[in-house]
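A.B. asks: Take the sequences, apply the hints, and build the full model.
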Amino acid sequence: MRRYGIAGTALALLLALAGCGGGDEEGGSDGAISGEITVLTQRTDIVNTVLQEYKKKFETKYPGTTVKFEAITDYEGEVRIRMNTKEYGDVLLIPNSVTDDLLSTFFEPLGTIDELKDRYRFVRNEKVLDGKVYGLAITGNAQGFVYNKKVWQQAGITAPPRTPAEFLAALTAIRDRTDAIPLYTNYKDAWPLSQWEGLRGVVSGDPDAAIKLARDDAPWAPGREHHVVDSLLFDIVQQGLTEPDPTTTNWEQSKGMIGTGKVATMMLGSWAIVQMQGAATDKADIGYLPFPSQVNGKFHTVIAGDYKNAININSRNKATARAWIDWFTNESNYAVDQGGISPVISQAMPTTLADLTAANTEFIELSPPPKGEEGLADRIGNQAEIALGDGKYRQRIVDAARGAKKETRDEIFADLNRKWSDAKSKVK
Amino acid sequence: MWVVAAARTPTGRHDDVRPGLPEGLGFQMATPTNTASRFSGLSGKIPQRRLGPTGRRRQGPPRRKPRTPYLFLIVPVALLVVFTYIPVLGMFGYSVTSWNGLSPTREFIGADNYVEIATRPELFGVLRVSLYYVGASVVQIVLALYFATVLSFNVRFRNLFKGIIFFPYLINGVAIAMVFLYFFEPGGTLDSTLSALGLGDLSRQWLGDPGTINYSLAGTSIWRYLGLNFVLFLGAIQSIPAQMYEAAEIDGANRWHQFRFLILPGIRPIVGLSFILAIGGSLSVFEIPYIMTGGANGSETFVTQTVHLAFKAYKVGLASAMAVVLLLIILLITWVQRRIVPDERVELS
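Taken in sequence, the protein lines are chains E and A.
Residues 623 to 1050 in the numbering used here are what the first sequence lists, from first letter to last.
Residues 4 to 352 in the numbering used here are what the second sequence lists, from first letter to last.
Rather than coming from a laboratory, the hints here were simulated on the basis of the structure.
Do not rely on the hints blindly, as some may be mistaken.
Result set (DMTMM-like, lysine to aspartate or glutamate): computed pairs, CA atoms no more than 25 Å apart in a straight line [as the list claims (entries may be wrong)]:
{"id": "1", "chain 1": "E", "residue 1": "K1050", "chain 2": "A", "residue 2": "D115"}
{"id": "2", "chain 1": "E", "residue 1": "K754", "chain 2": "E", "residue 2": "D977"}
{"id": "3", "chain 1": "E", "residue 1": "K1048", "chain 2": "A", "residue 2": "E290"}
{"id": "4", "chain 1": "E", "residue 1": "K1014", "chain 2": "A", "residue 2": "D212"}
{"id": "5", "chain 1": "E", "residue 1": "K1027", "chain 2": "A", "residue 2": "D204"}
{"id": "6", "chain 1": "E", "residue 1": "K1041", "chain 2": "A", "residue 2": "D115"}
{"id": "7", "chain 1": "E", "residue 1": "K1027", "chain 2": "A", "residue 2": "D212"}
{"id": "8", "chain 1": "E", "residue 1": "K1041", "chain 2": "A", "residue 2": "E303"}
{"id": "9", "chain 1": "E", "residue 1": "K940", "chain 2": "E", "residue 2": "E675"}
{"id": "10", "chain 1": "E", "residue 1": "K1014", "chain 2": "A", "residue 2": "E119"}
{"id": "11", "chain 1": "E", "residue 1": "K1050", "chain 2": "A", "residue 2": "E119"}
{"id": "12", "chain 1": "E", "residue 1": "K1027", "chain 2": "A", "residue 2": "E290"}
{"id": "13", "chain 1": "E", "residue 1": "K1050", "chain 2": "A", "residue 2": "E110"}
{"id": "14", "chain 1": "E", "residue 1": "K1048", "chain 2": "A", "residue 2": "E125"}
{"id": "15", "chain 1": "E", "residue 1": "K877", "chain 2": "E", "residue 2": "D801"}
{"id": "16", "chain 1": "E", "residue 1": "K678", "chain 2": "E", "residue 2": "E692"}
{"id": "17", "chain 1": "E", "residue 1": "K1041", "chain 2": "A", "residue 2": "E125"}
{"id": "18", "chain 1": "E", "residue 1": "K834", "chain 2": "E", "residue 2": "E995"}
{"id": "19", "chain 1": "E", "residue 1": "K1027", "chain 2": "A", "residue 2": "E110"}
{"id": "20", "chain 1": "E", "residue 1": "K683", "chain 2": "E", "residue 2": "E700"}
{"id": "21", "chain 1": "E", "residue 1": "K1041", "chain 2": "A", "residue 2": "E119"}
Which bits of chain E does chain A cover? Going by a derived footprint, with three or more residues having C-beta under 8 Å, they are [what the hints assert, rightly or not]:
{"id": "22", "segment": "695-707"}
{"id": "23", "segment": "719-725"}
{"id": "24", "segment": "808-817"}
{"id": "25", "segment": "866-873"}
{"id": "26", "segment": "1013-1023"}
Quick caveat: nothing in here was measured; it's all calculated off a predicted structure.
Where is the CB? At the ideal position from N, CA and C, for every residue including glycine.
C.D. replies: Pasting the structure below:
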């Protein structure tokens, strides 16, 4: 009896392993662009339309190649776990949670910074390790507020607010003079609150903001960027300028709400502009505001790369994978079509950002981190369990501000500072 | 005792009755085979043994053990080993490292994660939220017992009601969470029902109010899992032989008496099992709060907190240790429960 048991278990194990390891063996080329590649994408919405067009064009340009897409809904969560195996596609988008110190373990370098910096944006400071670039951005974003111009005009506000106080006054005017919700937090889905983290460098207009954050012992001390940003969020919620019940917000619905003027403002990267315009009755209603903070009389916004295409270091068809990335970056026109900033320097800024330009906003890119400090701020945040890239700690701020949690703003900031400085001493 | 009985029935017929039944399911043993034996003129002692499947029957004549059951067992056991025991062993392994879920190197740090858990009482603060679900599971078991009892008698539209009560258990948890988000949102189904009934004053932010949110979520949990308890109880009740009820009725027992002295003792092992599952489930609530609120606004449970640590702060080592601790807590509570309410044989007659 025991014999059967062990044999059966072993058999089941073998079957399971075989099932996991069933990768494709074909198309292994040594430098020749041919054969099949698998491309992982987060765009479940366009994988059967736009991406199929790309596939056709690429396969026409390079006969003998086949491109296969795998669209993943929970891209961040799923791909990170899959990266514990060798099978994570030939071309993939580097998950945001992969800290820069791990890049060389998982991805093939695409070239040195010096080779690429004159041709591409976002290669000096993002997904870079030891002077080598590991990913090319699919598109780029600026950071600010998406807003419904018509509602803001109805409330009598025509110029972008220049200080947090002016911004609060503007939202109050919207509440008093229109039926719209002045600012929608999208609290329930948590990730929209993480968009506020993209304001690093926007408040201070300082390209070194991320480096300074990692070296700071108290990022929530008065005057620091996190203090300014999170205080604004706290005040907006405390003054009742957000949705009445944040726990039942709905991301998909919120697009239509801002499109039809039921919501006036949302904090989102510029990638959201096109989606909001798609849900609007009139595209021209949707605009983009800079963050209400000026340095030397000027607004600033940070432009940064979105997800970046990279080659799996275990790929058996790196030549074709590289060809796909180059083609996607230079010829697909993806960034422009999506209203984003093209990763190719020679291409102009998109029309979606015309509002920022009109407000005389200066576009900055964050400077590259010094060696050994790559991704440091986020590692400290994770060690402190604040998880800057997640919306959870800002949910706490919203809860306190609306009176659902018995904490004052200063108590929260003191607690965050304490956790941060404890964690900072543990992270090297 | 059994030896005596076996001597009187040399065919050893009782010995062959369902040898594979697990302990604690003795109430299912009232089969026609046994009932027949009541009339075969045997002494009154045999019926007392009759309902116990695991009597001391080892003392019967030795027989060749059949192989077939083991062949059938290979598949479920293999699945269990591959998808449960090996991953659990892996979890023990992660729990003594500082792994971040991705890095190829896993630094061995011994019991540091466990020390950290023991020195951070705030990690256990969220267990307070489990109390709402413990309360809910008591309500759930009582309701399930009530419905199962009522529907075990001849009631009109009995099968329809059975279907209605069991149906929610068949729906996917994500769908339920979505449905209940619309149910609880301001001006949603619950609010409009209340105002239609003239109870609009009771409306509040069912999920937005930190004093209400856990009741709302626990209520959703009752709705979802009531059907499972109900079906378990119904099956158990229906396995009580019909002549017992007849006998009870002849003795003048009303429905309450039948429930109190016949049904409840008859299904006690299942009620006990339900409570063990309910307590374990309450400590490890995950699905409903995670999908509906993500653990926001004071609805965080031990498991959503663990998931946050593992997949948002990337402390897989610490989170694995927390999962191990939760496993130990549940094992401990189950053990205590079994000591307080021992799993007795059911003897109805």
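A.B. asks: For each hint, tell me whether it holds in the structure or not.
C.D. replies: Quick rundown of the hints versus the structure:
no. : hint             : in the structure
1   : E:K1050 - A:D115 : holds (18 Å)
2   : E:K754 - E:D977  : violated (35 Å)
3   : E:K1048 - A:E290 : violated (33 Å)
4   : E:K1014 - A:D212 : holds (18 Å)
5   : E:K1027 - A:D204 : holds (24 Å)
6   : E:K1041 - A:D115 : holds (19 Å)
7   : E:K1027 - A:D212 : holds (10 Å)
8   : E:K1041 - A:E303 : holds (20 Å)
9   : E:K940 - E:E675  : holds (22 Å)
10  : E:K1014 - A:E119 : holds (22 Å)
11  : E:K1050 - A:E119 : holds (19 Å)
12  : E:K1027 - A:E290 : holds (24 Å)
13  : E:K1050 - A:E110 : holds (14 Å)
14  : E:K1048 - A:E125 : holds (20 Å)
15  : E:K877 - E:D801  : holds (17 Å)
16  : E:K678 - E:E692  : holds (16 Å)
17  : E:K1041 - A:E125 : holds (14 Å)
18  : E:K834 - E:E995  : holds (11 Å)
19  : E:K1027 - A:E110 : violated (38 Å)
20  : E:K683 - E:E700  : violated (32 Å)
21  : E:K1041 - A:E119 : holds (15 Å)
22  : 695-707          : holds (count 5)
23  : 719-725          : holds (count 3)
24  : 808-817          : holds (count 4)
25  : 866-873          : holds (count 6)
26  : 1013-1023        : holds (count 3)
Checked against the numbered hints given earlier, the structure breaks hints 2, 3, 19, 20 and satisfies all the rest.
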